[in-house]
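I would like the entire structure built from these sequences, with the hints used as guidance.
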Amino acid sequence: MNRNIVVERLKQTPLEEDKLEIVERKGLGHPDYICDAILDS
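Going by this note's numbering, the residue at position 41 of the sequence shown is 41; the numbering climbs one at a time, nothing skipped.
Please keep in mind that the hints were generated in silico from the structure rather than gathered at the bench.
Treat the hints with care, as some may be off.
[To be verified] Cβ-Cβ distance ranges computed for the label pairs, FRET-style:
1. LEU15 <-> ASP40: 30 to 40 Å
2. LEU15 <-> ILE38: 21 to 31 Å
3. GLY27 <-> MET1: 37 to 47 Å
4. ASN2 <-> GLY29: 38 to 48 Å
5. ASN2 <-> GLY27: 41 to 51 Å
6. GLN12 <-> ASP32: 16 to 26 Å
7. VAL6 <-> LEU28: 30 to 40 Å
8. ASN2 <-> LEU28: 34 to 44 Å
9. ASP36 <-> GLU16: 17 to 27 Å
Values in this document were obtained by computation on a predicted structure and should not be read as measured data.
Even for Gly, the Cβ is constructed at its ideal location relative to N, Cα and C.
What follows is the structure in structure tokens.
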């Protein structure tokens, strides 16, 4: 099988070196949380 995979160098400051990180928090009933919990189990 031929796969079209491209790897590129990051052209921005890595998150661990950045001075600001914005995080979205989701509660227990949020659909994304439910899907993530199912996949993690």
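Results of checking the hints against the structure:
no. : hint                        : result
1   : LEU15 <-> ASP40: 30 to 40 Å : 21 Å, violated
2   : LEU15 <-> ILE38: 21 to 31 Å : 26 Å, holds
3   : GLY27 <-> MET1: 37 to 47 Å  : 40 Å, holds
4   : ASN2 <-> GLY29: 38 to 48 Å  : 42 Å, holds
5   : ASN2 <-> GLY27: 41 to 51 Å  : 43 Å, holds
6   : GLN12 <-> ASP32: 16 to 26 Å : 24 Å, holds
7   : VAL6 <-> LEU28: 30 to 40 Å  : 37 Å, holds
8   : ASN2 <-> LEU28: 34 to 44 Å  : 42 Å, holds
9   : ASP36 <-> GLU16: 17 to 27 Å : 22 Å, holds
Hint 1 from the earlier list is the only one contradicted by this structure; the remaining hints agree with it.
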